[in-house]
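Participant: So the protein lines, in turn, are chains A and B. Numbering-wise, the numbering used here puts 248 at position 248 of the first sequence, and it's gapless, one number per residue. Numbering-wise, the numbering used here puts 33 at position 33 of the second sequence, and it's gapless, one number per residue.
Calculated directly from the structure, the hints in this document are not laboratory data. The hints are all genuine.
What follows is a set of in silico ranges between Cβ atoms, one per label pair, in the way DEER data are often shown:
(1) L168(A) <-> D46(B): 48 to 56 angstroms
(2) C51(B) <-> D59(A): 29 to 37 angstroms
(3) I45(B) <-> L168(A): 49 to 57 angstroms
(4) G104(A) <-> C51(B): 42 to 50 angstroms
(5) T151(A) <-> I45(B): 48 to 56 angstroms
Here are the simulated lysine-lysine pairs, DSS-like style, with alpha carbons at most 25 angstroms apart:
(6) K187(A) <-> K23(B)
(7) K52(B) <-> K3(B)
(8) K187(A) <-> K3(A)
(9) K52(B) <-> K187(A)
(10) K67(B) <-> K9(A)
From the three backbone atoms N, C-alpha and C, an ideal C-beta is built for every residue, glycine too.
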Amino acid sequence: MEKIYSRTKGLRADVVGGFCPGCMHSTVMKLIGEVLEEMNLFERAACVLGIGCCGLHMDYMSFDNITSPHGRACAVATGIKRSSPDSLVFTYQGDGDFAAIGLGESMSAANRGENISVIFVNNGIYGMTGGQMAPTTLMGMRASTAPAGRTAKEHGYPMHMCEILNQLTAPAYIERTSCNTPQNTLKTKKAIAKAFQNQLEGKGFSMVEIVTSCPTNWGMDALGALEYINEKMLAEFPLGVIRDAREG
Amino acid sequence: MPKVEIASESCKSCGYCVRFCPKEVLSVGERVNSKGYEYVVPRNIDACVACKMCAVMCPEAAIEIYK
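Given these sequences and hints, build the entire structure.
Facilitator: Following this line, the structure appears as structure tokens:
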């Protein structure tokens, strides 16, 4: 009998992740571990974690990682990549980290075409800090800082980071994926592999935005949050390759 | 016949694997693990076609498949 699917060595064998049931942070880190394993990159990998729920990964992953000050992951990754060009440097950030407090660092790194990969996990809300509104929170969606739901007059509109970064000349690869179905999860894995491959080939800044759920702060169970992704999140954040420099 | 191994201590009973199994092999069991989650068990393994959809969706990487 042959084993056809095993737990990736990128996750420590003896640890159960600290994430809530149905949280897709775990799914994304599992995919990253599988990609690194298949590309044989564990020794070269340097993951820069943001602040927030994504920081919980530090006990969970088996390869080198560093946690940056809030929002500064792209700046820290820039420093590591420039001083150690042979490392595979990628950031792992949530929407609060990448698109709110870290907007300056994220835009600047993308504008410089820094040869790093960004894994941007968008669940439309601040998770660890208690469900506050994020730049990516949907219109009408309730958050602890917008108890009646997000309104245009008071809070503005959701930010689409892929489309915003697509205005810049330098980025090499920008794609938005999700983990809402097995098909999309496998597409996400392919996108992560492509972002890493781009970096190995020196192509420059690559970003994969992954639309995920936060069942706890959305106030739903895991399967209910899955439906919410299908109906609401993907209507606001359409999936697809936004830019691929290789295709011109 | 394929074999589905579920690490019961890692399972958080989110139900993704049950939802996406095309053959209704898996279901949430009655027994709870040490964290208090009713972990998923392969109840109808005869129907399994080893498509790996459950393992792909499992956030906790708790599912391993043999064929």
